[in-house]
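**Student:** The lines below spell out each chain.
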Amino acid sequence: MKAMVYRGPYKVRVEDKDVPRIEHPRDAVVRVTRAAICGSDLHLYHGMMPDTRIGHTFGHEFVGVVHEVGPAVEHLQVGDRVMVPFNVFCGSCFFCARGLYSNCHNVNPNATAVGGIYGYSHTTGGYDGGQAEFVRVPFADVGPSLIPEWLSEDDATLMTDALATGYFGAAIGDIVEGDVVVVLGAGAVGLFAAKSAWLMGAGRVIVVDHLDERLEKARTFAHAETVNFAEHKDVVVLMKRMTDHLGADVVIDAVGAEADGNLLQHVTSAKLKLQGGSPVALNWAIDGVRKGGTVSVVGAYGPIFSQVKFGDALNKGLTLNMNQTPVKKMWPRLFEHVRNGHLVPSDLVTHRIPLEHIAEAYHLMSAKLDGCIKPLITTDASQGA
Amino acid sequence: MVYGPHKPPLPETPEQLRARIPGWGVDLDPRDRPTVPRLQDRPGLEGPPDESIEAQAELRPRERSIEHAHLTPVFGTAQPLHGVSGAIRRYAYARFSEGRAAHWLLLVAGDRVEAFGAHVRSFASLRPDVPATGLRAELRHGGLGARKGRVDARHHLLDPVVVGVPWVATGAGVVAVVRRVRARRR
Ligand SMILES: NC(=O)c1ccc[n+]([C@@H]2O[C@H](COP(=O)([O-])OP(=O)(O)OC[C@H]3O[C@@H](n4cnc5c(N)ncnc54)[C@H](O)[C@@H]3O)[C@@H](O)[C@H]2O)c1
Ligand SMILES: [Zn+2]
Ligand SMILES: [Zn+2]
Chain A
1 MKAMVYRGPY
11 KVRVEDKDVP
21 RIEHPRDAVV
31 RVTRAAICGS
41 DLHLYHGMMP
51 DTRIGHTFGH
61 EFVGVVHEVG
71 PAVEHLQVGD
81 RVMVPFNVFC
91 GSCFFCARGL
101 YSNCHNVNPN
111 ATAVGGIYGY
121 SHTTGGYDGG
131 QAEFVRVPFA
141 DVGPSLIPEW
151 LSEDDATLMT
161 DALATGYFGA
171 AIGDIVEGDV
181 VVVLGAGAVG
191 LFAAKSAWLM
201 GAGRVIVVDH
211 LDERLEKART
221 FAHAETVNFA
231 EHKDVVVLMK
241 RMTDHLGADV
251 VIDAVGAEAD
261 GNLLQHVTSA
271 KLKLQGGSPV
281 ALNWAIDGVR
291 KGGTVSVVGA
301 YGPIFSQVKF
311 GDALNKGLTL
321 NMNQTPVKKM
331 WPRLFEHVRN
341 GHLVPSDLVT
351 HRIPLEHIAE
361 AYHLMSAKLD
371 GCIKPLITTD
381 ASQGA
Chain B
1001 MVYGPHKPPL
1011 PETPEQLRAR
1021 IPGWGVDLDP
1031 RDRPTVPRLQ
1041 DRPGLEGPPD
1051 ESIEAQAELR
1061 PRERSIEHAH
1071 LTPVFGTAQP
1081 LHGVSGAIRR
1091 YAYARFSEGR
1101 AAHWLLLVAG
1111 DRVEAFGAHV
1121 RSFASLRPDV
1131 PATGLRAELR
1141 HGGLGARKGR
1151 VDARHHLLDP
1161 VVVGVPWVAT
1171 GAGVVAVVRR
1181 VRARRR
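Residue numbers (this note's numbering), protein chains in the order written: chain A, 1 to 385; chain B, 1001 to 1186.
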């Protein structure tokens, strides 16, 4: 089969690989019909995630058709169209039993500090991902859901990560009616978070980024006010000015480890890999939120230390909520919102690129060329692609 | 001037927001959201009873965090450890917990060592590695124009340096060694 393969920082290509096998009785093998590139893939692509091995296939945002099932799989059948949450999880451990699907204890031997994720290095379990023609899906009765008839494949694909994560980011912001919500980052995750903040009753939503096309989307798609941080000397002061010098009630970090805005922090982390992530956006969140406010972090950071302004968080009495999204837990509500048209995930799809050309898609997404927000990867099994 | 106790007024009323933004307030009740309660203790699990979960066969020794009691019943087998990078990574897993910086820094070192070896080997194959892939996108999707007025353009300038210099330096080193060996032979 054809699969995207990592060849070292900034280098990916398509190779022929063996079709994955059933390795556990509860596995399925899924033929991928659509995959996406997520901002998180860029952290791998830039060589920032420890234990990213040569030959690894990325991709944790995908849908497909069940191709083979293991003997202990009861509910899925060959031919079923499925959407697969980006988390690999068992559904039965201490953490899954409490709804923490993204923190499963039974699927990642490499680390206890993070659960299982498809195609996200060996630090998250060593599973090849879905930017390929086929993918191994463990605990096939637990993670995947059948794609409802009324849901398009594009929408289903974005529900497996970006939409669920944006919604989750707003939800763990514990927004109450009338809150002023600042969203840092206008990627797919930030834009969905901004949109979701309104559903939860935000009184104002302000989106911060420096890419004009994305800020335009923040205004049109997410109905938000926007700030281009490149036009301001000090974003924290600006956030205070915009909020009568109290600070925002809730700030959502939808940027993560490769934040711009401070060249030194960006270069020491994203370029020289001396930090687990550039904490620029997170520090803006901590300093820009009001005392007693909530910072919601869905932007991803690696396991290596970064220079976070923890003292400010303490002294301001902040609540910091964060996690990798337990995707499937968001789905019942998101199905309602997508069906009612309150959330339209596919509005953020900007590019469709066949798997053969995935190297270009990575460069496009990484350098943010051509207004790229969400590139979808199509395979020969994709319909209407 | 004194800061008072009240929240400053919002520019729009809930009615105006509801009229302007499709779905405004449909998840208004903070208790009725899928993140509440954050930790749920439910009787009915999503997964199978734990005693029914078989252990995946360990066909070759599988590295694991020493913070785990045992190998997890399910694990990825995508790229097994091999060679020098494998030895470094195995040591990182066997010796240091995730709480230790050494654990992660060794894993990062393993990544660089493996990538270096893979690049060198690729030069003897039909598909030699290049410093960065996908650059055709620059031609097809905007290139310089797409970067006008962006703050990240400053470090995009650095990218060729960060990505390219190790390649150039290594290439120069290889050339120097080859020259020296040849000179000696003469
Ligand atoms: N927690 C999870 O489960 C989860 C899931 C998906 C993605 N993520 C993470 O969420 C983040 C966003 O994902 P995405 O797909 O939208 O990525 P993306 O790369 O498309 O978007 C990131 C955006 O942040 C902007 N940005 C950079 N520095 C900034 C700063 N200092 N302030 C404000 N904006 C800044 C960039 O210009 C870009 O538009 C990534 O870190 C990703 O890893 C987390
Ligand atoms: Zn992701
Ligand atoms: Zn679990």
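Hints are supplied without guarantee of correctness; some may be wrong.
[To be verified] If you anchor each label on the Cβ, the simulated ranges turn out as follows:
#1 B:V1084 x A:H232: 43 to 51 Å
#2 B:K1148 x A:G311: 32 to 40 Å
#3 A:H232 x B:G1145: 19 to 27 Å
#4 A:S346 x B:A1153: 39 to 47 Å
#5 A:R241 x B:H1006: 15 to 23 Å
#6 A:F94 x B:L1010: 40 to 48 Å
#7 A:E149 x B:H1006: 29 to 37 Å
#8 B:E1012 x A:V236: 23 to 31 Å
#9 B:P1005 x A:V267: 24 to 32 Å
#10 B:D1041 x A:V236: 35 to 43 Å
#11 B:A1055 x A:S346: 46 to 54 Å
[Claimed, not checked] Just some of the chain B residues that point at chain A, by a computed CB distance under 8 Å:
#12 Q1056
#13 L1157
#14 P1160
#15 V1165
#16 T1170
Everything labelled a hint here was simulated from the structure, so no lab data went into it.
Remember, it's a predicted structure, so these values are computed and weren't measured experimentally.
Note that beta-carbon positions come from the ideal geometry of N, C-alpha and C, so glycine has one too.
**Student:** Given the hint of 35 to 43 Å, check if B:D1041 and A:V236 actually sit that far apart at their C-beta atoms.
**Tutor:** holds, 40 Å
**Student:** Kindly confirm whether 40 to 48 Å is satisfied by the beta carbon distance between A:F94 and B:L1010.
**Tutor:** holds, 42 Å
**Student:** Does the Cβ pair A:R241, B:H1006 satisfy 15 to 23 Å?
**Tutor:** Once the Cβ atoms are compared, 18 Å apart, the range 15 to 23 Å for B:H1006 and A:R241 holds.
**Student:** Using the Cβ atoms, figure out if B:K1148 sits within 32 to 40 Å of A:G311.
**Tutor:** holds, 38 Å
**Student:** Quick one, is the B:P1160 hint okay against chain A at 8 Å, beta carbons?
**Tutor:** This hint is violated: B:P1160 lies away from chain A, its Cβ roughly 10 Å from the closest one there, beyond 8 Å.
**Student:** In this structure, is the beta-carbon distance linking B:A1055 and A:S346 contained in 46 to 54 Å?
**Tutor:** Check failed, 40 Å falls outside 46 to 54 Å.
**Student:** So, as I understand it, the hint says B:V1165 touches chain A; can you test that by seeing if any CB pair is closer than 8 Å?
**Tutor:** Since chain A brings no Cβ nearer than about 11 Å to B:V1165, farther than 8 Å, the hint is violated.
**Student:** Can B:L1157 be said to touch chain A, with a Cβ gap under 8 Å?
**Tutor:** Constraint on B:L1157 not satisfied, violated at 11 Å.
**Student:** Between B:E1012 and A:V236, is the Cβ distance one that fits in 23 to 31 Å?
**Tutor:** holds, 25 Å
**Student:** Have a go at the B:T1170 hint: is there a Cβ in chain A nearer than 8 Å to its own Cβ?
**Tutor:** B:T1170 check fails; min Cβ-Cβ to chain A is 12 Å, beyond 8 Å.
**Student:** Is the hinted range of 19 to 27 Å satisfied by the C-beta distance from A:H232 to B:G1145?
**Tutor:** Since A:H232 and B:G1145 have Cβ atoms about 24 Å apart, the given range 19 to 27 Å holds.
**Student:** Determine whether the Cβ-Cβ distance between B:P1005 and A:V267 falls within the hinted range of 24 to 32 Å.
**Tutor:** violated, 44 Å
Comparing the model with each numbered hint stated earlier shows that hints 4, 7, 9, 11, 13, 14, 15, 16 do not hold.
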